[in-house]
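Number of protein chains: 2
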Amino acid sequence: MRLLISLTTALLVNAASLAAEPVGEPARIALDPAHLRAASMLADTALEGTEAMDIVRGLSYEVGPRSAGSAGDRAAVVWALDRMHQMGFASVHPEAVEVPHWERGQVTVETVAPERMQLMAVMLGGSIGTAEIGIEATILRVHDLAELATLDRDEVAGRIVYFDRRMERNAAGSGYGVAVQERGKGAIEASKMGAVGVIIRSAGTSTSRFAHTGNMHYEDGVRRIPAAALPNSDADALERLLDRGEPVTLRLWSSARRLEPEMSANVIGEIPGRGTLRDQVIVLGAHLDAWDTGLGAQDDGTGVAIMLEAATRVATVSTRDRRTIRVVLYANEEAGLSGALAYVRAHADELGRHALAMEADFGAGRVLSIASGFPEGTVAIADAMIASLAPMGVERGASDTSGGADVGRLWHRGVPVLAPRQDGTYYFDVHHTPDDTPDRIDPAQLDQNVAVYTALTYLAATYAGDLGRVPVTPDDAG
Amino acid sequence: MRLLISLTTALLVNAASLAAEPVGEPARIALDPAHLRAASMLADTALEGTEAMDIVRGLSYEVGPRSAGSAGDRAAVVWALDRMHQMGFASVHPEAVEVPHWERGQVTVETVAPERMQLMAVMLGGSIGTAEIGIEATILRVHDLAELATLDRDEVAGRIVYFDRRMERNAAGSGYGVAVQERGKGAIEASKMGAVGVIIRSAGTSTSRFAHTGNMHYEDGVRRIPAAALPNSDADALERLLDRGEPVTLRLWSSARRLEPEMSANVIGEIPGRGTLRDQVIVLGAHLDAWDTGLGAQDDGTGVAIMLEAATRVATVSTRDRRTIRVVLYANEEAGLSGALAYVRAHADELGRHALAMEADFGAGRVLSIASGFPEGTVAIADAMIASLAPMGVERGASDTSGGADVGRLWHRGVPVLAPRQDGTYYFDVHHTPDDTPDRIDPAQLDQNVAVYTALTYLAATYAGDLGRVPVTPDDAG
Chain A
-8 MRLLISLTTA LLVNAASLAA EPVGEPARIA LDPAHLRAAS MLADTALEGT
42 EAMDIVRGLS YEVGPRSAGS AGDRAAVVWA LDRMHQMGFA SVHPEAVEVP
92 HWERGQVTVE TVAPERMQLM AVMLGGSIGT AEIGIEATIL RVHDLAELAT
142 LDRDEVAGRI VYFDRRMERN AAGSGYGVAV QERGKGAIEA SKMGAVGVII
192 RSAGTSTSRF AHTGNMHYED GVRRIPAAAL PNSDADALER LLDRGEPVTL
242 RLWSSARRLE PEMSANVIGE IPGRGTLRDQ VIVLGAHLDA WDTGLGAQDD
292 GTGVAIMLEA ATRVATVSTR DRRTIRVVLY ANEEAGLSGA LAYVRAHADE
342 LGRHALAMEA DFGAGRVLSI ASGFPEGTVA IADAMIASLA PMGVERGASD
392 TSGGADVGRL WHRGVPVLAP RQDGTYYFDV HHTPDDTPDR IDPAQLDQNV
442 AVYTALTYLA ATYAGDLGRV PVTPDDAG
Chain B
-8 MRLLISLTTA LLVNAASLAA EPVGEPARIA LDPAHLRAAS MLADTALEGT
42 EAMDIVRGLS YEVGPRSAGS AGDRAAVVWA LDRMHQMGFA SVHPEAVEVP
92 HWERGQVTVE TVAPERMQLM AVMLGGSIGT AEIGIEATIL RVHDLAELAT
142 LDRDEVAGRI VYFDRRMERN AAGSGYGVAV QERGKGAIEA SKMGAVGVII
192 RSAGTSTSRF AHTGNMHYED GVRRIPAAAL PNSDADALER LLDRGEPVTL
242 RLWSSARRLE PEMSANVIGE IPGRGTLRDQ VIVLGAHLDA WDTGLGAQDD
292 GTGVAIMLEA ATRVATVSTR DRRTIRVVLY ANEEAGLSGA LAYVRAHADE
342 LGRHALAMEA DFGAGRVLSI ASGFPEGTVA IADAMIASLA PMGVERGASD
392 TSGGADVGRL WHRGVPVLAP RQDGTYYFDV HHTPDDTPDR IDPAQLDQNV
442 AVYTALTYLA ATYAGDLGRV PVTPDDAG
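Respectively, the protein sequence lines represent chains A and B.
When we follow the working numbering, the leftmost residue of the first sequence carries the number -8, and every step to the right adds one.
When we follow the working numbering, the leftmost residue of the second sequence carries the number -8, and every step to the right adds one.
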C-alpha cells in the first residue's frame, strides 16, 4: 500500500513541478519543461525494457568472480572496455590502479568438544590464514564489540571470540551498517585483548547455508589473527552447542594469504557533452570488482549495468547543451576503495569541473527514494529533480548523503551527489555470498533503476544553471 | 484469504459432524462425541506449542548428515533409540536393515570450450564417479526424457546429455513428480543411446546456489554412466553459453563410489494399546536417514518429530480402548526404501492386525488437506475423521492415495492409510540441499502438523469399529 499512496501524492507534486511557474515556496526551482518531458520519456522508455539484465548476465557469466588482483579482475577490465566500445562510448580507456591481492584459499571450521560438528564458513576478506596445524581454542561468545569492551583481558586471552550479533532486515539495509562493525574491527579489538581468532555470525540476512564474506581490517602494532564468518544456519548450530553451557572448543584452519599488490584499472568511458556545458563532467560510478565467492551479479554487476544503460540512454535525446557523462567502473571497491582513491588523485586537476556524481552499488531492488548531498544554495535544484520523478513512486530522501563508498571520495572534495535509494530488503540475502547470481534479480525492478538513473542523469546533465559545490571535508578513506 | 474462507466453511461442517446423530447422507458416520472432544483438545494443546522443533534441532545438530550406510546413519539410530526412551515409548528397539552404501566424494563440473566456466554441481545419489582423468564431451541439450527418445543414437553417442527441465513450484509439490523423471532414469535412457554422462537442472526450486541431490537408478545390462545436477543458477549460466550456438565441451570429474552394503536399522517404539483394541497396530512412519549434503531437518527430521510428538500426545488422554501406536523410523528411504521393505518382510505375519498407517515426509508446511486410502466400505469413517479437523482449516483431500513412499508398502498389502497433505510451496527450496537446516522451519506450522497428526491418530486409535482392508495390489518397490 505504501507505494500506491506515495505514487498518488507524488502525482500531485509533479503536476505542480511541471507548471511553468514555480508555485508555493519561494525557493522552488522550475526545471525546463522540455527537459522534464524528455526525462519522463526516457524513464518511460526504460520501463518498457532495457539491456541491463543482459549486461549483468555478461559480466556474471563471461567473467564471474573478480576479486581485486585476481585473474578475474583483469578479465573484468577487458570485458568492460569491450562492452563500452560496443555500446558506443567515447574516450574508452583503463586507468591503472594498484590493488591489494588476497587469496581466499580453503577453510575448515569445526567444533571438537564437547561434540564434533563441521560448520560451513568463509574467511573474511583480507584475513590471514592459520598455520598448517590450524588453531584450536575455547570459544568466548560475545554479542558485539561493545560487550567485548566490557571484559577483562584474562577472559579473552587465548580464546576464539565469537560475535553472535544477527543482522536485522529492512528496506534501507541499515542493519548492515550495524552488523558490519564486528566484521570490520572484530579481529583488531579481540586481538588487543589476546584472542587468537575471531568467528562472526555473518553480516547478512541469508537463510541459505552460505556465509557472507566481506572486508576486514588489521591495525599496525596489533597482532593479526584470522577471522571467519558462519552462515546464519551454522551460527544457530554453534549457539545450540554453546547454550548447553559446557566449554566449546573450536578448530579453525585456513590457507588464506595476502600476496603482493597487483595492477588493475578503473575503466572509463564517456558520453561527450555538447555546447556550453560540455566541459563539465557528471560521474556515474559503479564498481567492477566483486568478491570471489559469487558472480557479483548485484554487487555490483547491476550497478555497472544501470550506469552503462543510463549514460547511453541520455545520449539518445538530442540536446543543445549537455554536460559530459563519464561512467567510471571502479577497481577494488570491496577491499579498500583503491579505484575511487586513485581516481581522485589522477583527476585532482579537473575535480573543479565535476558538476555531479552518482553511484549504484546496492543491488537491484526498485528505487524507493532519492537522497542528495548538495550545498544549501542549490538544494532546491535537487528537490526539483527528485520531485519530477515522483510519478514513478520515488520519494524525496535525506539531503545529507555523501553518495556512496566510491563517489563519496568526490563529495569530500566538493562534488554534489544524488543518491537513489534502492529497496534493500532482500539484497543482504545474496550480498557477498555465492548466491549473488543473475537469477536472483527481478529484471523489471532493474529496469526501474535504469529509468530513475537515466532521468536524473538527463536532468542533471542539461540543467542550465550551476549545481554548486559542497564544502570540502576531510576524507577518512584517504 | 483461502485459508480463512475454508476455516469458516469448515466450522459449519464440524458443527454437523459433532451432532450425536448423523445428519444428511445415509453413509455419514458419527464418531464418538467424547472422542471428538478429546481429539479437539489434543489439537488445541499442540497448537499452543510442542517439542517438535527441539526434536528437529536435536537430530539435525547432534547427528546431522546421515545417508544410508554412513557413520551418521548409525549415529541416528543411537539418537533415535535414546530419544524414544526419554520420551517414554515402550518396546523401543532397532530392527536390522541392510542398506546400500554410497560415498559422494568430490565433484567438479566445468565447461572447457568455447569458454572455461566453473559450475557448482552435486552428484546424484548412487551415481558412479569418473576415472581420475574425468570425462570430457560435447553437451547435448534436451528438455526431458521424451525429447531424448525422439533422437537418433548417432546424435547422442559420445555426448554428455544435459536435461534442462525446470521444476514448477506449487503447494502440492506436484512439479517434483514430473521433474524427478530425468533424475531417476536419465542415466539409463541416455546410456542406452551411447551417452557418456548426464547432467540435469536440479529437480528442485531452490534459488540458492546449491544443486539438489537425490536418488538415481541404473539398469542391469545398461552401461553405468555418471550423473550430476546443477543448481538452477548454474543451469542458467550453462544455458546462456549453450544459447550462443557453438558446441560446448564439458568436463566432469567425480570421486563418487558405491561401496559394500552396510547394516542400519528401523527404529521402533510403541505407545501400548488398551482394552479390546490393543492388539491392533497403527503405524506412524517417518524416515531417519537423510542425504548427506544437508542436515535433514525437513527431510525428514520434521516427520520424525511430528510422529514422536503425535504418539506421545495421544497417550496423555486416558482411554478405555485404544489401538497400539507404533512409530517406525525407517532406515534408508532415500536410496531405495530398504527400511520399508524390511519392515513388511519382518512383520508379514502381523500385517493383518495393522489397522492403519500414516507417514510424514514432506517437510513442515502447514497441513492443507488430508487424503485417504480406505476401502470403499469404510471410506465414510475417513470422511468423518477428516471432517472433524475442518476447524483447523484442513480440507478433504483425495481418497485414492497409497500414503507415501514408506507406508505405501503397507497399503499395497491391505493396510488403510490417512495422508495429511502439507503445503509444499517452499519445501523444494531446501529438499536434498545443504539448506535443509532447522532455521528454515516455521515452528508454528510444524506445531500445526503435530496437532493434525495427533488428532487423527487419536481418532483412528480409538474408533471402535473396523477400519477395513484395502485390496492387496502388486508392489513395484519389492
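It is worth saying that the hints were derived from the structure and are not from the lab.
Computed from a prediction, not measured in an experiment: that's the story for all the values here.
The beta carbon of each residue, even a glycine, is placed where N, CA and C say it ideally should be.
Any given hint could be a false lead.
Okay, the calculated beta carbon distance ranges per label pair [to be verified]:
#1 146/B to 336/A: 50 to 60 Å
#2 35/A to 140/B: 23 to 33 Å
#3 103/A to 254/B: 40 to 50 Å
#4 32/B to 234/A: 24 to 34 Å
#5 165/B to 81/A: 18 to 28 Å
#6 175/A to 89/B: 32 to 42 Å
#7 254/B to 106/A: 55 to 65 Å
#8 106/B to 79/A: 17 to 27 Å
#9 138/A to 45/B: 46 to 56 Å
#10 234/A to 267/B: 29 to 39 Å
#11 106/A to 309/B: 51 to 61 Å
#12 86/A to 246/B: 24 to 34 Å
#13 126/A to 254/B: 30 to 40 Å
Structure-based check of all given hints:
no.	hint	verdict
1	146/B to 336/A: 50 to 60 Å	holds (59 Å)
2	35/A to 140/B: 23 to 33 Å	violated (48 Å)
3	103/A to 254/B: 40 to 50 Å	violated (28 Å)
4	32/B to 234/A: 24 to 34 Å	holds (32 Å)
5	165/B to 81/A: 18 to 28 Å	violated (55 Å)
6	175/A to 89/B: 32 to 42 Å	violated (54 Å)
7	254/B to 106/A: 55 to 65 Å	violated (24 Å)
8	106/B to 79/A: 17 to 27 Å	holds (25 Å)
9	138/A to 45/B: 46 to 56 Å	violated (27 Å)
10	234/A to 267/B: 29 to 39 Å	violated (47 Å)
11	106/A to 309/B: 51 to 61 Å	violated (39 Å)
12	86/A to 246/B: 24 to 34 Å	violated (46 Å)
13	126/A to 254/B: 30 to 40 Å	holds (38 Å)
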